[in-house]
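Dock chains B and C against chain A, hints included.
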Amino acid sequence: MTVLQSLKNFVRSKSIHVAYVDVGSCNGCDIEVLACLAPRYDIEQYGIFVHNNPREADVLLVIGAYTPGWEGKLEGLWEKIPDPKVAIAIGNCPISGCLFNRPHTLVDPPVAKHIPIAAQVPGCPPRPTEILSAILSVAPTVFKDYEVRK
Amino acid sequence: MTKRTVDVSIPVGPVHPCWKEPARVKCETRGEFVLSAEVELGYMKKGIERIMRGRPWQEVMFLAERVCGICSVIHNMVFIEALEKISAIAVPERAALLRVIVNELDRMQSHILANFSYCYTIEHETLGMYLLDTREKVMDELERITGARVTCAYIVPGGVRFDLRAEDALHLRASLEALEKDITRYMGMFEHGPLIALRSRGIGILTKDAAQEACAVGPTARASGLPESDRRLRHPTYQKLGFTPVSREEGDNFARIMMRFQEVLQSIALIRTCLDTLPEGPIRGGGIPGEGEVAYSGEAPRGELSYFIRTDAAGRVVEISIQTPSIMNIEACCHYMLKGVASLADVPSTFVSSDPCIACTER
Amino acid sequence: MPLSIVYYAKEFFRGEWARKFLAAKTAPLVTPTYFRNYPELTGKTCTHHLFCMMACPAPGAIDVVRTPEGWMPRIHVGHCIRCGLCVEACPNGVLRSGRILESMFYDNTKLSFSFRIDVDTERCMGCGNCAVACPVNKLIDSQMSHGGRASTDDLLLKVNEGKCQVLHVEKCTGCKTCEHHCPNEAIHVARLLEAVHAPEDEL
Numbered sequence: 150m151t152v153l154q155s156l157k158n159f160v161r162s163k164s165i166h167v168a169y170v171d172v173g174s175c176n177g178c179d180i181e182v183l184a185c186l187a188p189r190y191d192i193e194q195y196g197i198f199v200h201n202n203p204r205e206a207d208v209l210l211v212i213g214a215y216t217p218g219w220e221g222k223l224e225g226l227w228e229k230i231p232d233p234k235v236a237i238a239i240g241n242c243p244i245s246g247c248l249f250n251r252p253h254t255l256v257d258p259p260v261a262k263h264i265p266i267a268a269q270v271p272g273c274p275p276r277p278t279e280i281l282s283a284i285l286s287v288a289p290t291v292f293k294d295y296e297v298r299k
Numbered sequence: 002m003t004k005r006t007v008d009v010s011i012p013v014g015p016v017h018p019c020w021k022e023p024a025r026v027k028c029e030t031r032g033e034f035v036l037s038a039e040v041e042l043g044y045m046k047k048g049i050e051r052i053m054r055g056r057p058w059q060e061v062m063f064l065a066e067r068v069c070g071i072c073s074v075i076h077n078m079v080f081i082e083a084l085e086k087i088s089a090i091a092v093p094e095r096a097a098l099l100r101v102i103v104n105e106l107d108r109m110q111s112h113i114l115a116n117f118s119y120c121y122t123i124e125h126e127t128l129g130m131y132l133l134d135t136r137e138k139v140m141d142e143l144e145r146i147t148g149a150r151v152t153c154a155y156i157v158p159g160g161v162r163f164d165l166r167a168e169d170a171l172h173l174r175a176s177l178e179a180l181e182k183d184i185t186r187y188m189g190m191f192e193h194g195p196l197i198a199l200r201s202r203g204i205g206i207l208t209k210d211a212a213q214e215a216c217a218v219g220p221t222a223r224a225s226g227l228p229e230s231d232r233r234l235r236h237p238t239y240q241k242l243g244f245t246p247v248s249r250e251e252g253d254n255f256a257r258i259m260m261r262f263q264e265v266l267q268s269i270a271l272i273r274t275c276l277d278t279l280p281e282g283p284i285r286g287g288g289i290p291g292e293g294e295v296a297y298s299g300e301a302p303r304g305e306l307s308y309f310i311r312t313d314a315a316g317r318v319v320e321i322s323i324q325t326p327s328i329m330n331i332e333a334c335c336h337y338m339l340k341g342v343a344s345l346a347d348v349p350s351t352f353v354s355s356d357p358c359i360a361c362t363e364r
Numbered sequence: 261m262p263l264s265i266v267y268y269a270k271e272f273f274r275g276e277w278a279r280k281f282l283a284a285k286t287a288p289l290v291t292p293t294y295f296r297n298y299p300e301l302t303g304k305t306c307t308h309h310l311f312c313m314m315a316c317p318a319p320g321a322i323d324v325v326r327t328p329e330g331w332m333p334r335i336h337v338g339h340c341i342r343c344g345l346c347v348e349a350c351p352n353g354v355l356r357s358g359r360i361l362e363s364m365f366y367d368n369t370k371l372s373f374s375f376r377i378d379v380d381t382e383r384c385m386g387c388g389n390c391a392v393a394c395p396v397n398k399l400i401d402s403q404m405s406h407g408g409r410a411s412t413d414d415l416l417l418k419v420n421e422g423k424c425q426v427l428h429v430e431k432c433t434g435c436k437t438c439e440h441h442c443p444n445e446a447i448h449v450a451r452l453l454e455a456v457h458a459p460e461d462e463l
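Protein chains in written order, with the working numbering: chain A, 150 to 299; chain B, 2 to 364; chain C, 261 to 463.
One chain only, chain A, in its complex shape (with noise of 0.2 Å):
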């Protein structure tokens, strides 16, 4: 690795782009990421800038149990994301499908049949501060070694 490439790994390991996708959850996960930006928690003191745009996104925050609606779509998500990338499940949902994992219902848990997840927040929802330790703990991890792909 160039030394170039290890100093631009460093930098950008500092800012990290996240964005999150909602593929069937209550809500409340939605609300309890929406919460890390609140002046008590302040994600973006950490350099993570909770942007929404899957194009210019490091992490992806998967929240739900993954609907019929998003057959394709997620995958297609994850595919316009550029690399280096992790996603992390957010909630319940997308490890065990929660309380929604029962039968007769149309949700097709976990998302880690689909697309790789390399970190998991247990809980219904999870506290903010959860989500921020597990992002933290995820962010170095993402740029380490990384090299552009010839």
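Please note: incorrect hints may appear among the correct ones.
[Stated by the list, open to error] Taking lysine to any residue pairs in the SDA-like style, the calculated list, with each CA pair at most 20 Å apart, reads:
| no. | chain 1 | residue 1 | chain 2 | residue 2 |
| --- | --- | --- | --- | --- |
| 1 | C | Lys285 | A | Tyr195 |
| 2 | B | Lys138 | C | Tyr294 |
| 3 | B | Lys46 | B | Arg25 |
[To be verified] Calculated Cβ distances over 12 Å to all of chain C for the following chain A residues:
| no. | residue |
| --- | --- |
| 4 | Leu156 |
| 5 | Asn158 |
| 6 | Ser162 |
| 7 | Gly218 |
| 8 | Pro231 |
| 9 | Pro233 |
| 10 | Lys234 |
| 11 | Pro265 |
| 12 | Val291 |
[What the hints assert, rightly or not] Some chain C residues close to chain B (C-beta under 7 Å, calculated; not the full set):
| no. | residue |
| --- | --- |
| 13 | Thr293 |
| 14 | Tyr294 |
| 15 | Arg296 |
| 16 | Pro317 |
| 17 | Gly358 |
| 18 | Asp367 |
| 19 | Thr369 |
| 20 | Phe373 |
| 21 | Arg376 |
| 22 | Leu453 |
| 23 | Glu454 |
| 24 | Ala455 |
| 25 | Val456 |
Hints listed in this document are in silico derivations from the structure and should not be mistaken for laboratory results.
Just so it is clear, CB atoms sit at the ideal spot from N, CA and C, and this is done for glycine as well.
Below, chains B and C without anything else, positioned relative to chain A:
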């Protein structure tokens, strides 16, 4: 040579920076002018009502909460009160008032979040962040009483789960003081901000007739001058508290946001009245749900919420149908407010001002 | 004019200001004690009533396993929704979460289970599988014949005149073994949860 303008259909969403949840709004435009709009849903359908069937109340209660994560308390409350109506379970006075306190706290945080979303959409982040910080204080109180921030699971048949402790009541009173001061200040900022007025006043107008025609509910209807649309008027506990709804006449984005600010202040007053009149006594009356069917409505932060429930002899839900407020507001938004919006940049802000909740629309 | 530039430069290059500007973080956030977190064990003895599993609304969130020290409830993170119903339903206070146990003691509240057995006489064939399989019956009359007939009336279930009969519903523990062993889906057990004030003598 004159510049030709063509009709373009512009999709907004499903993943849009301003939207918390996936929905797609297709706008037929001529230049910047929006001719008509159509909403496309179907990204969040989980089939909750089908999952609920054949389950006892302790499971359906949590599923009902997860119909909508933002206004979870009212879903819990309407479902449990419908069950109580079926099987004639009486609620102790103290529990009924505690329900109102938690419900109004939930309404406050939902309204503040809606106003934050609007301020964020019109790129007034300062006010948005102030509001989000204020919301955290409300969430603290909610957590102090119920033990959880979002999905509180506070209301059970015949009462509530936890009592309000004396020290928590004192804390609640103190932070209500602070909240009232803050909200009044932010309301003044919103009311007198000249740039906010440019982005909100006279945009996305829903007239009174149109609101009636589109069956708009909740703050969206009350901002268009329909105060009697408030279901809290028909709730016995609120009637005892002497509740009168507030309303505005303008019916534009500005009115809808101001409406929510006013309702937050009203909720603070309601909680104060509850705390003043809170009697000592039991918080649970017991009671097992029985057989029957009922249609019951309550006022969610977004409008009227109706449950139709049929239960069997063991109190299990046999049939359930939920009507959530957002579906009417989304229809009103797309067919009346968005029509004639002068600029495409106002489409997200108008859509957000009607406070759509896609999760409870599709369930 | 130059003075003010000097003033600003002095202000901005102060070490304290620069440190604050570059490295200020909000105070570390602590989870409040009143938050209902994942249930933890209090160390009391579990009596294997399984009320925690019956009250749990989330599929696969809690089970009770046998350990060398005895029965122990185990919470599955990723399934548990932190509702705290298991804490309230437990008759022995084995689990603890946030302030729930404390509140139950102060408010004198509890969740109590009762069971209701419905036998569909149209569908019941009187095979007696339910009565034989019932673990409560096994304790009372271990000699019960395979047809579900017995001489004693102390039983929970008994086949009488070709139909299954519920004799003492208060003895039911809600295990649903009869429901699983019925070949014709004729017997149904409903677990009724009631939120009540605890009776005075149980404190």
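Checked hints:
{"no.": "1", "hint": "C/Lys285 x A/Tyr195", "in the structure": "holds, 8 Å"}
{"no.": "2", "hint": "B/Lys138 x C/Tyr294", "in the structure": "holds, 15 Å"}
{"no.": "3", "hint": "B/Lys46 x B/Arg25", "in the structure": "holds, 14 Å"}
{"no.": "4", "hint": "Leu156", "in the structure": "holds, 19 Å"}
{"no.": "5", "hint": "Asn158", "in the structure": "holds, 21 Å"}
{"no.": "6", "hint": "Ser162", "in the structure": "holds, 17 Å"}
{"no.": "7", "hint": "Gly218", "in the structure": "holds, 23 Å"}
{"no.": "8", "hint": "Pro231", "in the structure": "holds, 28 Å"}
{"no.": "9", "hint": "Pro233", "in the structure": "holds, 26 Å"}
{"no.": "10", "hint": "Lys234", "in the structure": "holds, 23 Å"}
{"no.": "11", "hint": "Pro265", "in the structure": "holds, 17 Å"}
{"no.": "12", "hint": "Val291", "in the structure": "holds, 21 Å"}
{"no.": "13", "hint": "Thr293", "in the structure": "violated, 10 Å"}
{"no.": "14", "hint": "Tyr294", "in the structure": "holds, 6 Å"}
{"no.": "15", "hint": "Arg296", "in the structure": "holds, 4 Å"}
{"no.": "16", "hint": "Pro317", "in the structure": "holds, 4 Å"}
{"no.": "17", "hint": "Gly358", "in the structure": "holds, 5 Å"}
{"no.": "18", "hint": "Asp367", "in the structure": "holds, 4 Å"}
{"no.": "19", "hint": "Thr369", "in the structure": "holds, 6 Å"}
{"no.": "20", "hint": "Phe373", "in the structure": "violated, 10 Å"}
{"no.": "21", "hint": "Arg376", "in the structure": "holds, 6 Å"}
{"no.": "22", "hint": "Leu453", "in the structure": "holds, 5 Å"}
{"no.": "23", "hint": "Glu454", "in the structure": "holds, 5 Å"}
{"no.": "24", "hint": "Ala455", "in the structure": "holds, 4 Å"}
{"no.": "25", "hint": "Val456", "in the structure": "holds, 4 Å"}
The structure shown violates the earlier hints numbered 13 and 20.
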